[in-house]
Each structure stands twice: as C-alpha cells, then as structure tokens.
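Taking the hints into account, I'd like the entire structure generated from these sequences.
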Amino acid sequence: MNMAKSRSGIGEYSQVGVSSGVEQANAHRLIQMLMDGAIEKVAMAKGFMDRKEVALKGSHISWAISIIEGLRASLDKNAGGEIADNLDDLYDYMIRRLARSNAENNTDLLDEVLSLLRSVKDAWDKIPSALNHK
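At position 10 of the sequence shown (counting the first as 1) the number is 10 in my numbering, and the numbers step up by one without a gap.
All the given hints hold, so there is nothing to weed out.
Keeping only pairs whose Cα atoms sit at most 30 Å apart, straight-line, the calculated DSS-like set for lysine-lysine is:
| hint | residue 1 | residue 2 |
| --- | --- | --- |
| 1 | Lys52 | Lys121 |
| 2 | Lys77 | Lys121 |
| 3 | Lys126 | Lys77 |
| 4 | Lys121 | Lys46 |
| 5 | Lys126 | Lys46 |
No lab work stands behind these hints, which were simulated from the structure alone.
Encoded structure:
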C-alpha cells in the first residue's frame, strides 16, 4: 500500500471521530478503520433514507464515497497485481452503486454495497492471523 496515497483516506476517516489513534495505527489497521467507517456511513445513510432525511442521507453517502475513494487511492497496483486491480474495479462499482442509490433513494443498492464492504473487510481481517500461522 502506498502510504502517501492513503493520506486522503486517512484524513477522511479521522473525521469520523475515532479515538483509537489513526496516527499510531499500522497500514493494515488503517485499512480496517477505513472499511469500518465506510460500513458505518452506508448503514447510517440507509437509516436516513428510510426516514426520508434527504440531506443527512446525501451527506453520509457522500462521506462513504470519500472513504471508498481513499481505499481505492491506497491500492498499490504494482505490488498488488491482479488483486489490486480487482479491488479497484470493486471500489469503482461500489461508488457508482452508492451514487445511484442516492439519486434513486434505493435502499437495496445500499444493502448491496454493505454486503460487498463486509465481504472485503472479512477477508482483510483474516490477513494478520493467516500471516502469523505461516
């Protein structure tokens, strides 16, 4: 992961109000925090959408998009190869689905993005234990 590229995503996530110390986290933990933030913002947007709170829905979808853009910018395609390319495509897809859900007030699209984010995060969360058992 290119740390310079991830700074924008880290900046986005630090605004979430996390007290766990972004500046002390390693690169792996930072990605986990970004994913948690994106999941939280999409889930909150869904609640706002259900309650027809348009401004808050839009701001949280926008915030989730910014976080996912940060995740996307942190990809190191040279080192990550096909996996990084696939994640880039997936993040792009998520961003487009979020924008569409905002325009159409479609909670099904938010659920789809939540499912995708949770799947990626679940896989990411398993990396440290997988590396420690080698």
